[in-house]
Amino acid sequence: MAFRTLVTKKSVRSSFEQIRGLQTTAFALPDLDYDYGALEPAISGEIMKLHHQKHHQAYVTNYNKALEQLDAAVSKSDSTSIAKLHTALKFNGGGHINHSIFWKNLAPVTEGGGEPPKGSFGGAIDSQFGTLEALVQKMNAEGAALQGSGWVWLGLDKELKRLVVETTANQDPLVSSGANLVPLLGIDVWEHAYYLQYKNVRPDYLKNIWKVINWKFAGEVYEKECPSTG
Amino acid sequence: MAATSTASLLTCAFLPRQGFSESTRSPVWKNKQKQCKRRYGPQVVTAKIELKPPPYMLNALEPHMSKETLEYHWGKHHRGYVDNLNKQIVGTELDGLTLEGVVLVSYNKGDILPAFNNAAQTWNHEFFWESMAPGGGGKPSGDLLKLINRDFGSFEAFVEEFKLAATSQFGSGWAWLAYKANRLDVGNAVNPLPTEEDKKLVVVKSPNAVNPLVWDYFPLLTIDVWEHSYYIDFENRRAEYISTFLEKLVSWETVSMRLEIAKSRSTERDKEAERKRREEEEANLPGGEATEMYLESEGEESEAET
Ligand SMILES: [Fe+2]
Ligand SMILES: [Fe+2]
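Protein chains in written order, with full-length UniProt numbering: chain A, 1 to 230; chain B, 1 to 306.
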């Protein structure tokens, strides 16, 4: 998508091109809707601060850098360089996409964090997984079993209108597992997401994160894709 | 009982065909004959891969790598891999192999078996602890330095390449200095550097648990770039951790020793391959049995000779 945007922009860009560079297309680190310490004790303020200010920022910075290089390569029709940029674009672009969703998936308890999903979304979870608890167990098990770094997702297959649990490696976004998959809830299981607090015990991190999951946000995304008829 | 026998038959037949017998790096079997035979007996062999401690005290790398990091990294992560591995392989056909043997067999040409992650991580961590020493860092010397200069241009150029590999391993994994003594794909894997010259030093990176043994390279040095290896001491600053590792922790003495072993094993291996080639040629003269000869294991071949 970013690629297409750039190509289109390039064709309409005029003499401003040199001066403006990529400023207009650069991605920015989104603000959080809550304070760094607001998810304690489930996730420490120290983790949240580093995760947002350092890790997510690095994905954004390196994504913009890679896009800039892509822009230069495209304008020179340098297909070798374009191909070489693929991994950096996927990794950093994925990192930006995934973390942007992740922050929305969390909320302080005082603002509804951990409150079970309601409405048609809650109904869909029950009918597909039996209970919310069963879904949580499934995501915890898959998240704990994931080798190395990655994400565990609750997604919606918008064609089949079905909920799916998936994992992705490293910073692969959910859409890389299927073009119809829309992420509703993503849990970061990179060690940086929990190490300062939970060290090697990833299952404890997974157990506690549900106390600050923003089900309301996931429900809104679900509703958008599957509007309830009632 | 019958199932066990079949499994061990499969393993014993499986190993030489994968080309592992060509490697004289270290035997896949602790004792091939004995292990194969033992599987037929009534006793259950208990898997016991050991948790090998670092060759120094846990606080010996301070201030460059904290005691706390080693307490978790060795005491929890490494231990976890060992414990889980032993649980996974006990009573299976992998039980009784050396650790390196489990790594190679469970890699299964990239279509990894469940034991691979724990086995390779156990191997990698042992190798990582021994890649460091209190008062390490600085520059290598002797043959190792000569080869580094020959294959990278200079020590500084090697450092740059190693740092790049370690920083650009997106996600969890490892960066390596290895001695590459093969040209083409090996029985077990697609060679990541198939066109490179033979018998030279290379820098490679690998995701998660993968290590250069599976490409039939001789690993000489490694750095763990899973976040757990640096997060307590350096938080997100991976580059700083990598520099500190190179400047203050690498045991070039160990790397030199590993290089000597790699070179002599590679020479042995060449001799062995040459011997096999000649045998094959001789067998080809009357015609017929050549293929079968090639597939036999070392033990059986030497029996045939007597
Ligand atoms: Fe993250
Ligand atoms: Fe590690």
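Just so you know, the hints here were simulated from the structure itself, not pulled from any lab data. These figures come from a predicted structure and were not determined experimentally. Virtual Cβ for every residue (Gly too), placed ideally from N, Cα, C. Misleading hints may appear alongside valid ones.
Stated by the list, open to error - Computed cross-link-like contacts, SDA-like style, restricted to lysine to any residue with a CA-CA straight-line distance of at most 20 angstroms:
(1) A:211 <-> A:198
(2) A:90 <-> B:171
(3) A:65 <-> B:169
(4) A:49 <-> B:238
(5) A:199 <-> B:77
(6) B:263 <-> B:152
(7) A:54 <-> B:238
(8) A:199 <-> B:235
(9) A:199 <-> B:152
What the hints assert, rightly or not - Here are a few chain B residues that sit away from chain A, every Cβ distance over 10 angstroms (derived from the structure):
(10) 64
(11) 72
(12) 76
(13) 87
(14) 149
(15) 150
(16) 152
(17) 154
(18) 157
(19) 191
(20) 200
(21) 235
(22) 271
Said to hold, decoys possible - A short list of chain A residues far from chain B (calculated; beta carbon distances all over 12 angstroms):
(23) 26
(24) 40
(25) 169
(26) 210
(27) 211
Inset, instruction - Compute the least Cβ-Cβ separation between residue 87 of chain B and chain A, then decide whether it is above 10 angstroms. - result: At about 15 angstroms from chain A, residue 87 of chain B clears the 10 angstroms cut-off, so the statement holds.
Inset, instruction - Could you check that no beta carbon of chain A comes within 10 angstroms of the beta carbon of residue 157 of chain B? - result: holds (21 angstroms)
Inset, instruction - Please work out if residue 49 of chain A and residue 238 of chain B have their alpha carbons no farther apart than 20 angstroms. - result: holds (17 angstroms)
Inset, instruction - Could you check that no beta carbon of chain A comes within 10 angstroms of the beta carbon of residue 191 of chain B? - result: holds (20 angstroms)
Inset, instruction - Take a quick look at whether residue 54 of chain A and residue 238 of chain B sit within 20 angstroms of each other, Cα to Cα. - result: holds (12 angstroms)
Inset, instruction - Just double-check residue 150 of chain B for me: nearest Cβ-Cβ distance to chain A has to come out over 10 angstroms. - result: Label holds. Min Cβ-Cβ 27 angstroms, cutoff 10 angstroms.
Legend entry - 20 angstroms limit on alpha-carbon distance, applied to hinted pair residue 199 of chain A and residue 235 of chain B: holds (12 angstroms)
Legend entry - Whether residue 149 of chain B stays farther than 10 angstroms from all C-beta atoms of chain A, as the label says: Check passes; 28 angstroms lies beyond 10 angstroms.
Legend entry - Beyond 10 angstroms from each Cβ of chain A, as asserted for residue 64 of chain B: holds (19 angstroms)
Legend entry - Holds or violated: residue 90 of chain A to residue 171 of chain B, with C-alpha atoms at most 20 angstroms apart: holds (12 angstroms)
Legend entry - Assertion that residue 235 of chain B lies farther than 10 angstroms from chain A (Cβ): Answer for residue 235 of chain B: violated, closest chain A Cβ roughly 6 angstroms.
Inset, instruction - Given the hint that residue 65 of chain A pairs with residue 169 of chain B, test it: the Cα-Cα distance must not exceed 20 angstroms. - result: Cα-Cα ~18 angstroms, so holds.
This entry does not satisfy hints 9, 11, 12, 21, 25, going by the numbered hints stated previously.
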